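Start from chain A and add chain B according to the hints.
There are 2 protein chains.
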Amino acid sequence: MKTLIIIAHGSRREESNIEVKELTEKVKGLADSEYDYIAHAYLEMAEPSLTQAIDNCINNGAKNITVFPYFLNSGKHLKRDIPEIIIASEKKYPDCIFRVTACIGMIEDMPRLILEQARSN
Amino acid sequence: MKTLIIIAHGSRREESNIEVKELTEKVKGLADSEYDYIAHAYLEMAEPSLTQAIDNCINNGAKNITVFPYFLNSGKHLKRDIPEIIIASEKKYPDCIFRVTACIGMIEDMPRLILEQARSN
Numbered sequence: 249m250k251t252l253i254i255i256a257h258g259s260r261r262e263e264s265n266i267e268v269k270e271l272t273e274k275v276k277g278l279a280d281s282e283y284d285y286i287a288h289a290y291l292e293m294a295e296p297s298l299t300q301a302i303d304n305c306i307n308n309g310a311k312n313i314t315v316f317p318y319f320l321n322s323g324k325h326l327k328r329d330i331p332e333i334i335i336a337s338e339k340k341y342p343d344c345i346f347r348v349t350a351c352i353g354m355i356e357d358m359p360r361l362i363l364e365q366a367r368s369n
Numbered sequence: 249m250k251t252l253i254i255i256a257h258g259s260r261r262e263e264s265n266i267e268v269k270e271l272t273e274k275v276k277g278l279a280d281s282e283y284d285y286i287a288h289a290y291l292e293m294a295e296p297s298l299t300q301a302i303d304n305c306i307n308n309g310a311k312n313i314t315v316f317p318y319f320l321n322s323g324k325h326l327k328r329d330i331p332e333i334i335i336a337s338e339k340k341y342p343d344c345i346f347r348v349t350a351c352i353g354m355i356e357d358m359p360r361l362i363l364e365q366a367r368s369n
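Just so you know, the sequences run in chain order A and B. Following the working numbering, the numbering of the first sequence begins with 249 at its first residue and continues without gaps. Following the working numbering, the numbering of the second sequence begins with 249 at its first residue and continues without gaps.
Possibly wrong hints are sitting among the right ones.
Note that identical chains are pooled: a pair holds if it fits in a single copy or bridges any two copies.
Unchecked claim - Derived BS3-like pairs: lysine-lysine, alpha-carbon spacing no greater than 27 Å straight-line:
{"#": "1", "residue 1": "Lys-339", "residue 2": "Lys-274"}
{"#": "2", "residue 1": "Lys-340", "residue 2": "Lys-274"}
{"#": "3", "residue 1": "Lys-269", "residue 2": "Lys-324"}
{"#": "4", "residue 1": "Lys-269", "residue 2": "Lys-327"}
I should point out that these hints are in silico values taken from the structure, not numbers from a laboratory. Just so we're clear, the structure is a prediction, and the values are computed from it rather than from any experiment.
Chain A extracted, bound-state conformation (with noise of 0.2 Å):
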């Protein structure tokens, strides 16, 4: 079974959060067949964090997560934060394979994006 958890920072302000989550619906809605369960978690101020994603995860029966993390730059939350988290989820579930992806702001078609969306909104 395999499953998409995207992770986001989390914010204070609730509206910010209910935008990850909305984000994560829509992800949902154009995968089709590609992942068997989609999810959102929050790294910080908001639930549910990524450890009660991946438990709840697990739970649902995935043997394979790919975690996207939806940052923009690669701090201190990409290079420490997530990866603790994934190497005790690798402990605490041996026969689940995980991975991480490069997070949302290393893609190559940013520069076009920038100047697209600066030119339409």
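What follows is chain B alone, placed relative to chain A:
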């Protein structure tokens, strides 16, 4: 003279700030003649600040400044901090037209980009 300022959050981690600078260089390379001047700025923890970047642009002859928030969520930085700086700048430079675009997180194509990035990395 048409100017684009890419405003990012800014980080204590110098590598993250350099990523923004390098991204801005790539946008410059792609923008061709669309803007006369393209600059980056940080809201916190790094320089140039948005105010400093605006001052620099005005000193370089800017009459029309587009501010592009390189943020994923519409939190307090977008709702409060950036607008406050723009209102102050409009008072300081009444002959310049300021415009703040939607942030990068608002691009419609984001769900597809997430799926592609999750697939390829």
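Cross-check of the supplied hints:
1. Lys-339 <-> Lys-274: The answer is neither: 32 Å in one copy and 40 Å across copies each exceed 27 Å.
2. Lys-340 <-> Lys-274: neither (30 Å within a copy, 42 Å between copies)
3. Lys-269 <-> Lys-324: For Lys-269 and Lys-324, both the intra-copy (23 Å) and inter-copy (18 Å) Cα distances are at most 27 Å.
4. Lys-269 <-> Lys-327: both (24 Å within a copy, 20 Å between copies)
Of the numbered hints stated above, those contradicted by the structure are hints 1, 2, listed in ascending order.
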